[in-house]
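Protein chains in written order, with the working numbering: chain A, 1 to 246; chain B, 247 to 835; chain C, 836 to 1158.
Keep in mind that a hint or two might mislead.
As the list claims (entries may be wrong) - Restricting the straight-line Cα-Cα distance to at most 25 Å, the calculated cross-link-like pairs of lysine to any residue (SDA-like) are:
{"hint": "1", "chain 1": "B", "residue 1": "K696", "chain 2": "B", "residue 2": "R708"}
{"hint": "2", "chain 1": "A", "residue 1": "K182", "chain 2": "B", "residue 2": "L370"}
{"hint": "3", "chain 1": "C", "residue 1": "K1148", "chain 2": "B", "residue 2": "A768"}
{"hint": "4", "chain 1": "B", "residue 1": "K696", "chain 2": "B", "residue 2": "S567"}
{"hint": "5", "chain 1": "C", "residue 1": "K1117", "chain 2": "B", "residue 2": "S706"}
{"hint": "6", "chain 1": "C", "residue 1": "K1148", "chain 2": "C", "residue 2": "I891"}
{"hint": "7", "chain 1": "B", "residue 1": "K549", "chain 2": "B", "residue 2": "E536"}
{"hint": "8", "chain 1": "C", "residue 1": "K1117", "chain 2": "B", "residue 2": "R422"}
{"hint": "9", "chain 1": "A", "residue 1": "K20", "chain 2": "A", "residue 2": "R216"}
{"hint": "10", "chain 1": "B", "residue 1": "K631", "chain 2": "B", "residue 2": "A647"}
{"hint": "11", "chain 1": "B", "residue 1": "K696", "chain 2": "B", "residue 2": "I646"}
{"hint": "12", "chain 1": "C", "residue 1": "K1148", "chain 2": "B", "residue 2": "T606"}
{"hint": "13", "chain 1": "A", "residue 1": "K20", "chain 2": "C", "residue 2": "G1147"}
{"hint": "14", "chain 1": "A", "residue 1": "K182", "chain 2": "B", "residue 2": "R708"}
{"hint": "15", "chain 1": "A", "residue 1": "K182", "chain 2": "B", "residue 2": "A768"}
{"hint": "16", "chain 1": "C", "residue 1": "K1148", "chain 2": "C", "residue 2": "I1068"}
{"hint": "17", "chain 1": "B", "residue 1": "K696", "chain 2": "B", "residue 2": "S706"}
{"hint": "18", "chain 1": "A", "residue 1": "K20", "chain 2": "B", "residue 2": "A411"}
{"hint": "19", "chain 1": "B", "residue 1": "K631", "chain 2": "C", "residue 2": "L1070"}
{"hint": "20", "chain 1": "A", "residue 1": "K20", "chain 2": "B", "residue 2": "V694"}
{"hint": "21", "chain 1": "C", "residue 1": "K1117", "chain 2": "B", "residue 2": "A647"}
{"hint": "22", "chain 1": "B", "residue 1": "K696", "chain 2": "A", "residue 2": "K20"}
{"hint": "23", "chain 1": "B", "residue 1": "K631", "chain 2": "C", "residue 2": "Q932"}
{"hint": "24", "chain 1": "A", "residue 1": "K182", "chain 2": "A", "residue 2": "R99"}
{"hint": "25", "chain 1": "B", "residue 1": "K696", "chain 2": "A", "residue 2": "N198"}
{"hint": "26", "chain 1": "C", "residue 1": "K1148", "chain 2": "C", "residue 2": "L857"}
{"hint": "27", "chain 1": "C", "residue 1": "K1148", "chain 2": "C", "residue 2": "L1137"}
Said to hold, decoys possible - Which residues of chain B face chain A? A few of them, derived with a C-beta cut under 7 Å, are:
{"hint": "28", "residue": "Q290"}
{"hint": "29", "residue": "R407"}
{"hint": "30", "residue": "S567"}
These aren't lab readings, by the way, just hints derived from the structure by calculation. Just so it is clear, CB atoms sit at the ideal spot from N, CA and C, and this is done for glycine as well.
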Amino acid sequence: MTALEFHGVRVRLGRGRQAKEIVRGVDLEVPSGTVVGLVGESGCGKSTLARSAVGLVPLAAGHVVPGRRRAVQLVFQDPYSSLDPRMTVGAAITEALPRRRLFARPSARPPGAAAAEVARFLDLVGLEAAHAQRLPGHLSGGQRQRVALARALAARPEVVIADEITSALDVSVQGMVLNLVKDIQRELGLTLLFISHNLAVVRYVSDRVAVMSEGRVVEEGPVDEVMGSPRDPYTRTLLESVPRLR
Amino acid sequence: MRRLRTPLGFAAVASLAFLLFMVVLGPIIWVGEAVRTDTMALNQGPSAEHLVGTDGLGRDVLARVMVASRLTVGLALLATAIAVGGGLVIGGLPAVLGRRAGRLISGFIGLVVAFPGLLIALVLAVVLGSGGTSAALAIGLASVPAFARLTQTLAASVAGRDFVAAARVLGVGRVRMLFRHILPNIGEPLIVQATLGAGGALLAFAALSFLGLGVQAPDYDWGLLLNEGLNRVYLNPAAALAPGAAVALAGLAFNVLGEFAAQVFGGRATAAPAAGRSARPAPGDALTVEDLRVAYGDAEPVKGVSFSLEPGERVGLVGESGSGKSLTALAVAGLIEPPGVVHGTISSGETAMVFQDPMTSLNPALRVGTQLAEVARVHGRLSRKAAWERAVTRLTDVHIAAAARVVRQYPHELSGGMRQRAMIAMGLMGSPRVIIADEPTTALDVTVQKQILDLLREVSDRSGAAILLISHDLAVVGQLCSRVLVMYAGVIVEDLTVERLRAGPAHPYTRALLASVPDMAADRSQPLATIPGRMPSPAERLPGCAFAPRCPLADSRCHASPPPLENGVRCWHPVAGESVTVAEKGSEG
Amino acid sequence: MAIQTSHPWAAYLGRRLMRFLLSLALLVTATFGMVHVIPGDPVRAALGVTASPELIAARTAELGLDLPIWEQYGRYVTGLFTGELGQSMVSGLPVAQTIADRLPYTALLALVAFAVVMVTAVPVGMALAAWTRGGRRRGLELVFTGVSGLLAVVPEFLLAVALIVVFAVTLELLPVADVTGAMGPEHYVLPALALAAGPAAALARIVRVEGLGVLSSDYLRTARAKRLPARLIHLRHALPNLLTGALTIGGLLISGLIAGSVLVENVFAWPGLGDALVEAIKAKDYPVVQGVVLIYGGAVLLVNLAVDVALGKLDPRSTIRED
């Protein structure tokens, strides 16, 4: 079973003469309960692909399954920009909670239920319930990224797309966030599309990996296969360029 | 309330008091004086009885100025309210309406806003007729486009941020988006602009009344009084100056209030004044740094760093953000600017710098050739022609094809990797003994990164220049360097060879750093090591080892006294050389 | 990364030209519509309540105000192309004649003022940026921001009044405009000063702030790392990067200057367009108002277009690619 599918997705950005095809026909499947890594260099279209999946950029062709909003949630690269500075952590997560019956009276949900849910999601990402009262300005980069993750999970999505979520973090904080992602994924059986330019990070987190170049997926397969015996020449160049200490 | 004690805060309080006094008490105190005609004293100059003289009916001009303040300020505020209200509605519409309608509205705003407000106000005054209220309407409406544009620009800048995208993904509707996410985040600059706008409206009102198109007699505001005063300027200049001064003062008061609001909201900190000079490199063969300290006021981000580089040696300087590695590099290059203060001795031969972001490090307005050639012209005293020829040669040396064409190009016409090559070529225009490269590949893709690292190695082999490579990435350093300096909280905690780094460092911080980053051989079934806590800030001064609060091996001695750098390690409990193991990685979860 | 060569420039120019034409159409329509949205009968308003119904009917027919509105609009627009702007309701003189008589005075005054602004503001702002960089010379910075802030806030017509009081009335050093119409260079000093002081102060402030930004940029750090002399750093590396910002603001300032001249002309009884505009508004002489507003608005649009073109030439990197 697959939770997220891209079928012949094309995305053009810009208007008129300056329009450029950023994603040039991508077919990709993310099986339920697995982590698929997406690697590629800057400008290859991986972030645009992620945005197309959640409806932030329009598709020029093809389609994405599921097409519903909220079923796919996106966690962004920069935790300093992805949280509303005027909204407490609790309010941000509450906003994401599904409204069960739209026409029910507000009192239909017992008071405190939302707070309990917020506390549960904060606990899931390793934050205390007291953090709900804080504004993002009082949190560190790593804590903000945890909140962003909690907000995405609170919407009960079928798939989470993580777009370079550790790139803005220091290396020691990156380790913490990666551990958290792996733990939550295992615990909830989450389906995850994990996007990064860092091959070692993608290798560490993912079950399968797709390599993107110039708007196309050039290679896809189990991590060990793709990283161990790459078939595509571009994947080979990419792997050879990774600096190694050992 | 501390902000009120700054000069600006004081001026703001004074301005507010001044405005309130004039508006509330002015008419009450002086109204009798202002209407009393004195046929014995027509058009008089300043006297003890009439401080700025009398008008054509013998009324006291100063009293009339005081009384007029309520009408003047009131009408200015009315005009501002119209401008802000209209601007918010029209400027907020594009965010609520769809793409196409939004574009249409913003296009229209763009066209109207090109015309000066005063011109629009004059045209509107024709339509609406003369009089106080219609003039307020004219001025208010004339400022609507500007406020709409401001609202729209601010809203667009907020709408471009990721938290709005995140809310859209969550299915938040447009109206809720506007009121919950966008307006709260643009409220502060809007209040600032509205305050400044009130000052502008006051001046515009004075202008309109002065031209005879605003308030009409027998009512009077400052503009009308100014007009009357100017007609008799040769008889009594003070009668023209007094209302003029009132207008200027009130305008200034609104501006001071606006500036103060901007400072309160913007949190613009006043930088601590300090003086100091950067050390300049002295001629010599190798780079030697002794007890280097960099201070900004009370904070000392670099707390005594010593090391030396042999000719041709390639050394990496590694640390997380806040470790002081980049400031060390800048200090070595003599590029610390005030208020930073540098202490210690630095002696080095000719240095060349390569910076992190090749896009911003080259001057966008100058050709690549100009930027290279000027080094040789200034320092090597080469002729223009010879300098350009050398620029072409050096660009060829860093493997730029068609160098003769590239010298004539501007930086924006080159790719990121090409720009970084050009930066390195620029460093080679002289004959540097040390090349300081500050995160030279962080902004580049991994394939380009490899090429640049290979190039730096080649350059140092060929020219014999030493390289100091600043990086947060141990693997990148391992690729190029033979020796590594690890920095933490402003000091070097370990000085070791790359072989030793691979085999197993001695300092717990270096080991933790190594274990927290997944590499291409990491065991995916094990969690990564993490370092609990955070690095002490540059202003904190710990009595013992700076890493002790986060160190699993720390004991009371570590917290009490700072360890010296011995055998390349600054630690009381160095780990004997075993490699970083999986078990150790799992120690913190 | 690679940029297509001549195409973006042509497209940019096309977009700007399109915008200019659209704005012009808006201006023409607005001036035409202005007369039609005035409450009541504009002819009666202009001629006064004592005018006979026959006179009003005759003048209404003369102005074509009894025709269907589309026909009136058509006549108005074709009139513009042939330079036919109608006649003054008050004096009966052709509006084009009035404009031709008055425009030179206004244009020359605005040009002189603009030259003063540019010649003083850019060097002063640049020098202040270099001197006060990184929190140096805080005293100088305080004096500069104080004085320039004050000058930028005080409106031109108040400054004009103050200048008259000081230099013309009290010291009797310089003349105010002559009723006989004789205009020597000395007549330009006070109005030009009044008109230029505010914009010059504002521009100098902006140049300083931009300069501080440029001086702390990465590429200036590169220039300093190359150990270039200060002269080269400031003139070759910093100045060109300041020009785009200064030019953008300069364009806005000219627009403001054109509008501000209306007031200054009134203070000095200057025989220019601004004076004519205010007189016409007071007398409800709508054809003159229409004509003069068209000239002012058109001038502003032309300046904007010129600035856009200059910006595109100077800084092809960022400007052309936006929107």
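Violated hints - listed by number, lowest first: 2, 3, 5, 6, 8, 14, 21, 22, 23, 24 and 28
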